[in-house]
Amino acid sequence: MHWLIIFFLFLVGCSENTVQKSKVDLYSEQGILLLGNGTEPSGIDPHIVTGVPEHKILLALLEGLVIFNPKNNGVLPGVALEWMISEDGLTYTFIFNPEAKWTNGESVKPEHFVYSWERILSPELGAQYADMLYVIKNAESFHKGQIKDFFKVGVSALENKLVVTLENPTPYFLNILTHYSTWPVHPETVEKFGGMTSRNNKWTRVENFIGNGPFKLDSWEINKSLKVSRNVVYWGNDSNKINGIEFLPIDNELTQDRLFRSGGIHLANTVPTEKIIRYREERPRELIEHNYFGTYYYRINTNKFPLNDVNFRKALSLSIDRDLIVKSILKGNQKVSYSFTPPDENGYNPNTKLEFNPVKAKLLLKESGYNINNNPLEVLYNTSEGHQKIAQAIQEMWKKHLGLNVVLTNVDWKVYLARETQGEFDISRAGWIGDYPDPFTFLDMMVTDRGNNKTGWSNAKYDEILNSAASKISTNRRYELYEQAEKILIEELPVIPLYTYTRTYLLSERVKNWQNNILDTNPYQFLSLE
Amino acid sequence: MIQLILKRLFTYIPVLLVVVIITFLMIHAAPGGPFDAERVASPEIIEKLNEAYNLDKPIHVQIYNYLYNAIQGDFGPSFKYPGRTVAELIMSGLPTTIELAIYSILFAIFLGVISGLVASLNPGKILDIVPMSISLLGICIPSIILGPVLVLIFGIWYEVLPVYGWGDNPGDKILPTVTLGTAYAAIFARLTRGGMLEILGQDYIRTARAKGLSEIRIVIVHALRGGILPVISFLGPAIAGLLAGSFVVETIFQINGVGRFYVQAAFNRDYTMILGTSILFTFMTLTFVLISDIMASFLNPTLRDSGGLE
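For the protein sequence lines, the chains are Z and W, in the order given. Under the numbering used here, think of the first position of the first sequence as 1, with each following residue one higher. Under the numbering used here, think of the first position of the second sequence as 1, with each following residue one higher.
Hints are computed from structural coordinates only; laboratory data are not their basis. These numbers come from a predicted model, not from an experiment. Accuracy of the hints is not assured; some may be wrong.
Rough simulated footprint, nothing fancy, chain Z against chain W, three-plus residues with beta-carbon under 8 Å [what the hints assert, rightly or not]:
#1 76 to 83
#2 88 to 101
#3 156 to 163
#4 204 to 216
#5 258 to 271
All C-beta atoms in this analysis are idealised placements derived from N, C-alpha and C, irrespective of residue type, glycine included.
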């Protein structure tokens, strides 16, 4: 046995660093945050990337015209010191903060935003989030190549001002600006390392990167870590209490959990479901659970029989016991859905309902004329234990209450996406997280022929209501219209909402000023470490 | 000998060519593409993306273009990591993968050869039966099972070893090394035992014993050289197998090696990355097998003289 111990000691010796205190203790003293950040980011170009891990990193490196206010889901001044909105709600004038600088010391100018928005809207770049800017006049036409001249797009630079003209009054426009796809890039750097529309641009390399956020990029080792440190030329640097952040790409939730418990990270961005109850009992102050702006739902292919029958779809929905799913399977304080858009008690709270009523479900199934001896229905989902448990429960409920035969099919992520997009499914599991805190980010998805609709469902009245809501300045009036649209959706059920997501993660008590909000966004310059 | 090595090197070309073509056809036949995403892009955007990555051309043109560029060392841009080339991503992970493979092979040789030696010196006794039974178990348990079991025992139940990373925390190299090396240690043990038993029965060993040489001297100086020949012959395939096995181990322990790229690339339909890593692992497999053949030839003159490299 001795030689085995010696060999182990040899390997221990080969490992670098010898840490006495926990890493979290040591780094907290230095003001450095250690964040478990899910998967390795595919990049840090705000106009190309699309994921949550990328967003968390960009939040440190870049800044838009406004900053997300983590306390009330509103906005705070960012690169724009202040802004004026015309009476008709169509024109926004942003006055730039003279202290807003790039990491190379240059001022952030309105022209930089014009360049950046031209870049993301250029069809050649192939940006998947370009439609975030479609609210700007002619932006969609430019992106679709219908107009070639960017001067016709409603954005212009005027000394220290950026003037933006919208297609319709869009009261949530400022919220859209908190999304990274609207954030600026440094034009000279982008041009120098590949040009405006090159996807293989090398401007995001550590040695080339120039940002304007509260932190600057220090190092990036793929699949290991990405490190940033305080940007001393950032306009709000004096109030920034964090000296640096280390983003660790750990996609295994058990590994993150283990690392968190051993003091290796301040934040584990997920918690294994089976451990939630234990954390609630043993370490309740480190377990964070709050509402998230997302809905988990089943998408119905309304082009197929018998799913093209609204009574059949209603029967499916009425025979799902959502309470049971939330309490017995998910166990993460998720809320049962009664609308497609996640409700907000202080804002949009639609008066719709999704009841569990097996008796009514049976009657509707009869009305639909469906013969239970027909070919079984298929529920498609991407391989995941969580999706499987829910699908199995629903399979059982439909069998028990309706006598339906349902087969479950799990496939890998890309196969799942391809089958959904091509309409090769009966029912598929789906989830949607809002990009900005407005119901439009959900409801717009179900408009006829929208890429993310995927159900084949179309309703002219629904489209008309949403179109009409876009031109309303009054939030109350807009919400009324949204509610009307929501009622159509819940009445017709091309999607069957199941529950509203919650965010569940582990956060060290050393991290202060953390705000629980529905977008799960905390600009790091507002945090501190103890 | 040099001629024979050159001849073997020449066979790399058709092998790599076949690997590229088969891989190319397989990844294009797989459902789902690199630009499928939850947030569906418009057909115009998909068209632009296909254009940007040359996916709009017929498959034979794509293969030709790929081969033409690959010969010049350009393995293309990664689809998953825009702005990065496949070559630089591979180079970023290769040192870690090689380090993991070296530690694992050292562990496997160390544990395997000693166990095999002990067993061969005690045939039929408890010191033979126990290590050989354990080695059979080692061969049977794949790393995808062994890794999580070791994590559960040493990382979660006893909390004595880190379960994440490589070279970041003390002791974090132990579990990946043991996970990857165990199956090969078991094979080496059995090969050593078999080789040694054969040699120990030879006349020259009997002569050495008759001359009164100590058992240790007989084993170390006279028997071991011939006894571990099967181990040497198996080193090439073993290292190639270790590299392939590192895909799984790197994923289990979140190690930033090339293997993890391979696994992620397959899930992401990152075509160029799948091709680049396939070429790398084919090349390394061929090379390690060649090296082990050369080593075996040096240890065994009969192999060398009969052109064993062929």
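Legend entry - Whether chain Z covers the region 204 to 216 of chain W (at least 3 residues having a Cβ closer than 8 Å to its Cβ atoms): violated (count 0)
Inset, instruction - Verify the coverage statement for the region 76 to 83 of chain W against chain Z, using a C-beta to C-beta distance below 8 Å and requiring 3 or more qualifying residues. - result: holds (count 5)
Inset, instruction - Tell me if chain Z covers the region 156 to 163 of chain W under the three-residue, 8 Å CB rule, please? - result: Coverage by chain Z holds for the region 156 to 163 of chain W (4 residues, Cβ < 8 Å).
Legend entry - Coverage criterion applied to the region 88 to 101 of chain W (partner chain Z; beta-carbon cut 8 Å; 3 residues): holds (count 3)
Legend entry - Residues of the region 258 to 271 of chain W with Cβ under 8 Å from chain Z, three needed, outcome: With 6 residues closer than 8 Å to chain Z, the region 258 to 271 of chain W meets the three-residue bar; holds.
When each numbered hint is compared with the structure, a violation occurs for hint 4 only.
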